[in-house]
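Taken in order, these protein sequences are the chains called U and H. Sequential numbering from 1 applies to the first sequence in the working numbering. Sequential numbering from 1 applies to the second sequence in the working numbering.
These are computed hints drawn from the structure, not numbers from a lab. Do not take every clue at face value.
Label-pair distances were calculated between CB atoms; the ranges are [claimed, not checked]:
id, chain 1, residue 1, chain 2, residue 2, range
1, H, PRO137, U, ASN130, 20 to 28 angstroms
2, U, GLN40, H, PRO117, 40 to 48 angstroms
3, H, LEU122, U, ASN182, 55 to 63 angstroms
4, U, ASN91, H, ALA399, 26 to 34 angstroms
5, U, ALA137, H, GLY127, 29 to 37 angstroms
6, H, CYS254, U, ASP140, 34 to 42 angstroms
7, U, ASN238, H, PRO117, 22 to 30 angstroms
Just so it is clear, CB atoms sit at the ideal spot from N, CA and C, and this is done for glycine as well.
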Amino acid sequence: MLTLICVSLLWVPQVVLSAEVNILSERQEFLLRPFLDVFQEQTGIKANVVYLKKGSLERLKQQPGAVDALLTVDIANLTAIADAGLFQPINSSVINKNVPSKYRNPDGLWTALTARARVIYYSRERVKLNELSTYKALADAKFANRICTRSGYNKYNVALISSMIAEHGVAEAKKWLQGLKNNLARKPQGNDRGQVKAIYQGQCDVAIGNTYYMVKMLERDDQRPWAASVGIFFPNQNNRGTHMNVSGGAVTKSAVNKKEAVRLLEFLSGDLAQFMYAQVNHEYPVKSGVQYSGIVKSFGSGQEGVKKGVFKQDKRNLSEIGSYRKKAIQILDEVNYDK
Amino acid sequence: MSSSLKISGSWNIFTLALVTLFALPIISLIITAGSGVENVWGHLLSTVMPGYLENTFWLMLGVGSGTLLLGVSSGWLISMTEFPGRRVMEWALLLPLAFPGYIIAMVYVELLEYSGPVQSQLRLWFGWKNFQDYWFPPIASVGGAITLLSLVLYPYVYLLARTAFLQQPAALLEAGRMLGKSVRNSFLNIALPLARPAIVIGVSLAMMETLADFGTMQLFAVQTFTTGIYHTWFGTYNAPAAAQLSLSLLLFFCAFIFLERYSRRQQRFHTKNNILNVHPRYPLSGIRALTAITFCLLPVIFGFALPAGLLVQWAVESWRYVLLDRFFSDAGNSLLLACLTAFLGVFLGILLAYGTRLSKRRRVHWAARLVSLGYAFPGPVVALGVLLPFAWFDRTIDAWLQRTVGISSGYLLSGTIFILVFAYLVRFLALAFGAAESGFERITPQMEDASRSLGKNNLQTLKRVHVPLLRGSMLAAGLLVFVDVMKELPATLMLQPFNFSTLATRAYSYATEELLKEASLWCLMIVAVGLFPVLYLNRQLRETSPLHYKEI
Numbered sequence: 001m002l003t004l005i006c007v008s009l010l011w012v013p014q015v016v017l018s019a020e021v022n023i024l025s026e027r028q029e030f031l032l033r034p035f036l037d038v039f040q041e042q043t044g045i046k047a048n049v050v051y052l053k054k055g056s057l058e059r060l061k062q063q064p065g066a067v068d069a070l071l072t073v074d075i076a077n078l079t080a081i082a083d084a085g086l087f088q089p090i091n092s093s094v095i096n097k098n099v100p101s102k103y104r105n106p107d108g109l110w111t112a113l114t115a116r117a118r119v120i121y122y123s124r125e126r127v128k129l130n131e132l133s134t135y136k137a138l139a140d141a142k143f144a145n146r147i148c149t150r151s152g153y154n155k156y157n158v159a160l161i162s163s164m165i166a167e168h169g170v171a172e173a174k175k176w177l178q179g180l181k182n183n184l185a186r187k188p189q190g191n192d193r194g195q196v197k198a199i200y201q202g203q204c205d206v207a208i209g210n211t212y213y214m215v216k217m218l219e220r221d222d223q224r225p226w227a228a229s230v231g232i233f234f235p236n237q238n239n240r241g242t243h244m245n246v247s248g249g250a251v252t253k254s255a256v257n258k259k260e261a262v263r264l265l266e267f268l269s270g271d272l273a274q275f276m277y278a279q280v281n282h283e284y285p286v287k288s289g290v291q292y293s294g295i296v297k298s299f300g301s302g303q304e305g306v307k308k309g310v311f312k313q314d315k316r317n318l319s320e321i322g323s324y325r326k327k328a329i330q331i332l333d334e335v336n337y338d339k
Numbered sequence: 001m002s003s004s005l006k007i008s009g010s011w012n013i014f015t016l017a018l019v020t021l022f023a024l025p026i027i028s029l030i031i032t033a034g035s036g037v038e039n040v041w042g043h044l045l046s047t048v049m050p051g052y053l054e055n056t057f058w059l060m061l062g063v064g065s066g067t068l069l070l071g072v073s074s075g076w077l078i079s080m081t082e083f084p085g086r087r088v089m090e091w092a093l094l095l096p097l098a099f100p101g102y103i104i105a106m107v108y109v110e111l112l113e114y115s116g117p118v119q120s121q122l123r124l125w126f127g128w129k130n131f132q133d134y135w136f137p138p139i140a141s142v143g144g145a146i147t148l149l150s151l152v153l154y155p156y157v158y159l160l161a162r163t164a165f166l167q168q169p170a171a172l173l174e175a176g177r178m179l180g181k182s183v184r185n186s187f188l189n190i191a192l193p194l195a196r197p198a199i200v201i202g203v204s205l206a207m208m209e210t211l212a213d214f215g216t217m218q219l220f221a222v223q224t225f226t227t228g229i230y231h232t233w234f235g236t237y238n239a240p241a242a243a244q245l246s247l248s249l250l251l252f253f254c255a256f257i258f259l260e261r262y263s264r265r266q267q268r269f270h271t272k273n274n275i276l277n278v279h280p281r282y283p284l285s286g287i288r289a290l291t292a293i294t295f296c297l298l299p300v301i302f303g304f305a306l307p308a309g310l311l312v313q314w315a316v317e318s319w320r321y322v323l324l325d326r327f328f329s330d331a332g333n334s335l336l337l338a339c340l341t342a343f344l345g346v347f348l349g350i351l352l353a354y355g356t357r358l359s360k361r362r363r364v365h366w367a368a369r370l371v372s373l374g375y376a377f378p379g380p381v382v383a384l385g386v387l388l389p390f391a392w393f394d395r396t397i398d399a400w401l402q403r404t405v406g407i408s409s410g411y412l413l414s415g416t417i418f419i420l421v422f423a424y425l426v427r428f429l430a431l432a433f434g435a436a437e438s439g440f441e442r443i444t445p446q447m448e449d450a451s452r453s454l455g456k457n458n459l460q461t462l463k464r465v466h467v468p469l470l471r472g473s474m475l476a477a478g479l480l481v482f483v484d485v486m487k488e489l490p491a492t493l494m495l496q497p498f499n500f501s502t503l504a505t506r507a508y509s510y511a512t513e514e515l516l517k518e519a520s521l522w523c524l525m526i527v528a529v530g531l532f533p534v535l536y537l538n539r540q541l542r543e544t545s546p547l548h549y550k551e552i
């Protein structure tokens, strides 16, 4: 009986008192909530959120109308859901003004909100800057037994491999991946912090990762020594530029609260939110003119061509990179990267 | 006679209806699998799959033997012998059950990896410079995964084996002793074979849990068949192929269960006098007692005390940095889900096991077996299997209501915790059903005959005769479901409603952002909440032990 009461209580239709927006977020609550608090205060729009990590595509497909806005990370993810026809054009002049076109879907189906660079971590003690150059060079024999990575199937690694396919073609990318695997000091494992820790402890000299974790580590007493022993190198500065991935947002095809969903994306691409992304999360803002955080400005210091943390980014169309995801997974399987 | 047959007939229908409901996810997976246009098998088999299968094989074998060894021997020691500290060990041995595999893995990887405190300290002491100077068992390996999973999964076997040992007729063991059999002999030749159904259920639960696991394996950098499912689905967005892989996993497990059943097809495990039953315990002393204590203590230390201690330390260091205001609502949500599912699970498990028992039809027996297979499915696969039919149902109702009365019902089932509870039942009904079934196996059918001859129908017999006798098994089942729901992560992550989180999803949200220490408070809470039912259950089990029946 009690069970029935409990369950039926949950079914009482919620009376809609004010404007609201239903968000499906693949970003974690403690990262997103500060933004939503400000949004709610500024607009009076109530934000309902469901935090998912996997299976967003299935949820959106099976429950049309339940979700108005999607906030997610990784270009391949955005591409796959856009390809499944689950988004609608955002059509906002505010967003078009805030976000450069290279960070938006050509059909207006999604917009990036922040960018992240896939960089090379290196041991300040055991690696000379002139040893490093490009992603491709990581497959060179001089790095034998000196590289650590996390699982190849991690979304940021898959995107990096996709960008290698876009740049060099499948066959060449596969050869590169095999070479990288041969150079690994240990079986792929752990997360980005884990790679930094492994360099600190001398298990490897070089690793691949995103930048924001470095700041998070520098902010903590127990992890500062790890991050301090490791430098950040922006690869490919003399050619295509460093591979970038994004976090982004979109309005779902069957959004019930479309106006509010667009409002949310406009807010997140605006000055205040972009400033918060940069200063609190230490991500790269997509809106031009928004300052990087102090520590982010120090990344790449000493590296030729990098000034105040500003480096050359890969300009290749993000949707194109996203479309190579399947191929990337296939060559990961073929070289049995994680084994 | 004819009325009894009729009742059996309606039980059959009821059982089959229940099975059909819980087979919905499997049906929707079959439909999904059929919708695939691309054949991935050739690619997978020629690349990563052989390695995945090899790992899966060793893991199943390793975790199977590990839990068998730890669970059966500790179960035997606790229920059949007497040694100092036995009563404490009796409940302490259950403690690792409260630890989710992914949390214990997280703790141990942190502790034992190359850059962890243990190896760093060793390097400092012995002056080793790098990993080429010494050998340390790699934690991120199949061996590491087997060890740690055995440590958290053996309580399934312990719990079921202990109950089975306690309910064995003392007279049989007595007879063995009078025939001059040694303790070891009567264990191997009498107690063990009699407890086999319970032990097999425990071990297969541990193995299924291993098979379905992704998160723990990812931490150990071990790729299994389930890794293949994950990469296919979330890597290449090929849900049909993922469904195909999941179904073949299911077939494999069907074969496994069939073989075990087939190998004991001629055996019966019930005895008549399981009510008045007082066991003499073998007293252990000296070196034997010490061995027994050590043997029971080791899994408790490494499966509970050590990781829990580390979590406490991390929680103390990090509690200031986390969203504490959600702590109680998270705990409340977890408790609500776990209680609801445990209650429903036990209820349905008993009905299903009884329906199976009453039915003479093999079809019903096999159909009921189908329900247990949900346990071998990876969480997201269950989530998908449940989402498809429920969302379809919701859309249909909503469209109908909009058409007829112009109101929208929204997502009645698939947008509420209803779908979560159902998904948990799909995954964990096996626990309740298994425990109820092994309980029923120890009750002689003559009980029913006697009850029926007294004019009671099946339902009355269930209520008056079976339920009191099954109390121990039901409690065990409820506990297992409760604790498993507390720990469940992947299905919860996919199906949770809006503005909803549980202890497990919150812990995950920190862990996934690489904030292990911030996650520790929630991990600790999962373990702590899981402890209460574990300890309560132990008290109840003790009270319902044969000794207690005598007084009734």
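Hints, one by one, checked against the model:
1. Roughly 38 angstroms separates the CB atoms of PRO137 of chain H and ASN130 of chain U, a value that falls outside the hinted 20 to 28 angstroms.
2. A C-beta distance of roughly 43 angstroms is found between GLN40 of chain U and PRO117 of chain H, which places it inside the suggested range of 40 to 48 angstroms.
3. About 29 angstroms separates the C-beta atoms of LEU122 of chain H and ASN182 of chain U, a value inconsistent with the hinted range of 55 to 63 angstroms.
4. Taken as a hint, the range 26 to 34 angstroms holds for the pair ASN91 of chain U and ALA399 of chain H, whose Cβ atoms sit roughly 28 angstroms apart.
5. Checked against the hint of 29 to 37 angstroms, the pair ALA137 of chain U and GLY127 of chain H passes, with Cβ atoms roughly 34 angstroms apart.
6. Between CYS254 of chain H and ASP140 of chain U, the C-beta spacing of about 50 angstroms breaks the proposed range 34 to 42 angstroms.
7. At roughly 42 angstroms, the beta carbons of ASN238 of chain U and PRO117 of chain H sit outside the given window of 22 to 30 angstroms.
Going down the numbered hints, you'll see the structure goes against 1, 3, 6 and 7, while the others check out.
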